[in-house]
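Asks: Next come the chains, spelled out residue by residue.
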Amino acid sequence: MRHLLDLYDSGLLRRALLEAVLVGALCGAVGAHVVLRRLPFFTITVAHATFPGIVFASIIGLSELVGGLAFAALLVVVIYITTGDQNLDNNTAVGVALAGSFGLGVMLQSTQDGFSKDLTAILVGSVLTVDHRDVVITSVVGLVVLGALAGAHKELVFRAFDPEGAAAQGYPRLLDLALLLAVAATVVATIPAVGTILAVALLSVPAMTARLVTRRVSTAMLAGAAYGAASGVLGLTASAEWDFAAGASIVLASAMLFVATYGVVGASRWTTRRRAIQAVAAA
Amino acid sequence: MLGIIRFLTEPFAPAYMQRSLVISLLLAALSGVVGVVVQLRRLSFMTDALTHSVFPGIAIAFVAGESLFVGALIAGAVAATLLTFAARSTRIDQDAFMALVLASLFSIGVIVVSRHRSYSADLTTLLFGRVLAVDTADIITTAAVAVVALGVLVAIRKELLLRAFDETGAEAMGYSLLRIDLAVNLVVALVVVAAVRAVGTALVVALLITPAATARLLCSRLQSLMISAVAISALAAWLGLVISYDASVHHGIRLAAGATIVVVLTALFAVVAIAQALRTGMARRRTLAAVAT
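Residue numbers (our numbering), protein chains in the order written: chain A, 1 to 283; chain B, 1 to 293.
Please keep in mind that the hints were generated in silico from the structure rather than gathered at the bench.
Hints may be right or wrong, so weigh each one.
Claimed, not checked - Label-pair distances were calculated between CB atoms; the ranges are:
(1) Ala231(B) x Lys154(A): 50 to 56 Å
(2) Arg221(B) x Thr111(A): 26 to 32 Å
(3) Ala143(B) x Ala160(A): 35 to 41 Å
(4) Pro163(A) x Gln18(B): 24 to 30 Å
(5) Gly169(B) x Gly266(A): 32 to 38 Å
(6) Leu178(B) x Gly266(A): 21 to 27 Å
(7) Ala64(B) x Pro163(A): 49 to 55 Å
(8) Gly65(B) x Glu164(A): 55 to 61 Å
(9) Thr111(A) x Glu10(B): 19 to 25 Å
To be verified - Derived list of chain A stretches under chain B, where covered just means 3 residues or more per stretch with a C-beta under 8 Å from a C-beta of chain B:
(10) 119 to 132
(11) 192 to 203
(12) 245 to 252
The C-beta atom is built at its ideal place from N, Cα and C for all residues, glycine as well.
Produce the entire structure from the sequences given, and follow the hints as far as they go.
Replies: Below you can see the structure in the form of structure tokens.
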């Protein structure tokens with residue numbers, strides 16, 4: 001224990017820890033909606049779509065964050081307009097956008113010299129090199145996104161469980177667009193820590209774990225945030241201890257928390273059932 | 001006219017360009033056909049998950065100094081099996097579960113590579129491939145994998161179609177859906193394996209999704225879909241290689257060949273989609289005008 005506390009003596013690691021916890025909690029909470037609306041595939045696409053935006057912005061000397069967000073938002077709007085009422089998951093337009101934006105990013109990147117190092121950071125994240133600005137951006141994006149989700153909570157849940165009822169009551173489809181943009185903003189805020197390829201994991205795994213424990217959406221958001229933050233702490237500690245890639249360790253930590261929770265929940269259900277059977281047999 | 005022909009053929013004078021063209025056309029034929037199956041069965045997400053899940057096998061093989069191909073083959077088989085079960089799970093949300101499998105496997109790959117010295121350069125090579133650096137052995141391996149994958153598809157084509165169009169019927173007739181799904185996912189994994197050296201795990205998803213999606217805009221019969229998907233993919237491979245060569249040699253702009261092929265594919269999709277949208281829009285206007293008069 002003493003040794004683990006010593007790990008966080010350096011300011012660098014403490015800032016990384018703060019970012020990992022912030023990102024984990026934010027993704028865990030937003031993830032409740034990603035899992036509820038079956039958006040993991042869409043999330044992967046948005047994450048890939050930020051990639052050409054980030055590369056383009058850094059070539060012309062703009063903020064990478066702005067570039068990534070602009071490109072992702074553009075793509076969200078195009079997908080939203082072209083898909084109409086179709087299901088977003090497993091949608092062809094989403095797949096083409098995913099594959100194409102990755103190609104575009106790599107092509108843009110290949111025109112530049114010595115970009116390879118940064119490319120890795122974009123793809124798999126680099127939480128150890130986040131600066132003060134990244135932490136502030138994550139916090140601000142988190143506050144805005146969570147504020148919006150909390151404000152529209154009732155409508156979003158209604159829309160998720162009864163889309164026709166929501167439409168009949170006159171809730172606009174724009175609500176969906178707002179949710180997709182909120183997911184996109186979360187993805188962009190996550191990229192410095194875990195990168196474009198692994199962002200989807202933080203946006204679905206902690207929320208999936210939370211759903212094992214509770215079925216209420218609001219409770220699942222809180223539990224997801226807790227699981228996400230815990231993944232951040234565990235993953236970063238493992239990475240500092242054994243010199244692993246940090247983003248990947250955080251993702252693996254979230255997967256292990258899922259497996260552990262699944263085991264515990266499964267075991268407790270099994271005991272309850274056995275006790276019930278024994279009670280019936282005895283009676 | 002002669003100028004255009006020169007522009008389209010001149011890049012293929014050097015032997016390495018010929019080799020890249022051969023392997024790209026091979027992959028176009030393979031992924032065009034398999035891509036139609038992917039679309040028919042709505043497996044886009046499964047395909048993306050597979051491409052990421054094959055990564056740890058390649059990473060471990062690379063660090064251990066073993067053949068990338070063998071590593072990819074083993075990881076492909078494991079990932080296809082895991083993901084087939086993930087997609088059938090009823091207790092957990094399927095797509096979230098698939099995201100869990102793909103991200104965990106990919107993370108293992110990243111961690112393995114991150115322990116290696118030249119981390120960044122290795123990671124990008126493994127993810128994006130080197131189409132200009134393929135050798136004759138790579139071409140032979142790719143051709144062999146293509147023959148196996150297409151052979152499996154031909155062998156199970158009846159069951160495959162039945163499963164795609166009448167799931168309940170297939171089950172009632174006693175076919176094991178699990179086995180059919182597993183076979184299809186293994187075939188998709190084989191395509192990823194075949195493409196590892198040339199376009200890498202991150203770009204192969206474009207070869208599997210985009211040509212079939214473009215073909216779907218143009219026709220709907222299964223056979224015509226497969227033929228047009230292969231043709232579109234081959235055209236994009238040719239144009240992509242020509243453009244990347246021309247930009248690098250005559251204009252001093254380096255363009256990664258594999259990525260350029262993907263961008264050409266996506267551009268073709270966009271052009272066809274916009275043309276179709278304009279056509280249906282015009283047709284609707286004409287009908288409205290006819291009704292009004």
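Asks: Hint by hint, note whether the structure agrees.
Replies: Hint-by-hint comparison with the structure:
1. Ala231(B) x Lys154(A): 50 to 56 Å: The hint (50 to 56 Å, Cβ to Cβ) holds, given that Ala231(B) and Lys154(A) are roughly 51 Å apart.
2. Arg221(B) x Thr111(A): 26 to 32 Å: Violated, at about 41 Å.
3. Ala143(B) x Ala160(A): 35 to 41 Å: violated, 48 Å
4. Pro163(A) x Gln18(B): 24 to 30 Å: violated, 54 Å
5. Gly169(B) x Gly266(A): 32 to 38 Å: Holds, since Gly169(B) and Gly266(A) (Cβ atoms, about 34 Å apart) stay within the stated range.
6. Leu178(B) x Gly266(A): 21 to 27 Å: Once the Cβ atoms are compared, 22 Å apart, the range 21 to 27 Å for Gly266(A) and Leu178(B) holds.
7. Ala64(B) x Pro163(A): 49 to 55 Å: Given range 49 to 55 Å: holds, Cβ gap about 50 Å.
8. Gly65(B) x Glu164(A): 55 to 61 Å: Given about 58 Å between the Cβ atoms, the range holds.
9. Thr111(A) x Glu10(B): 19 to 25 Å: holds, 22 Å
10. 119 to 132: holds (count 4)
11. 192 to 203: It holds, with 4 qualifying residues against the three required.
12. 245 to 252: holds (count 6)
The structure fails to meet hints 2, 3 and 4 from the earlier list, while all remaining hints are met.
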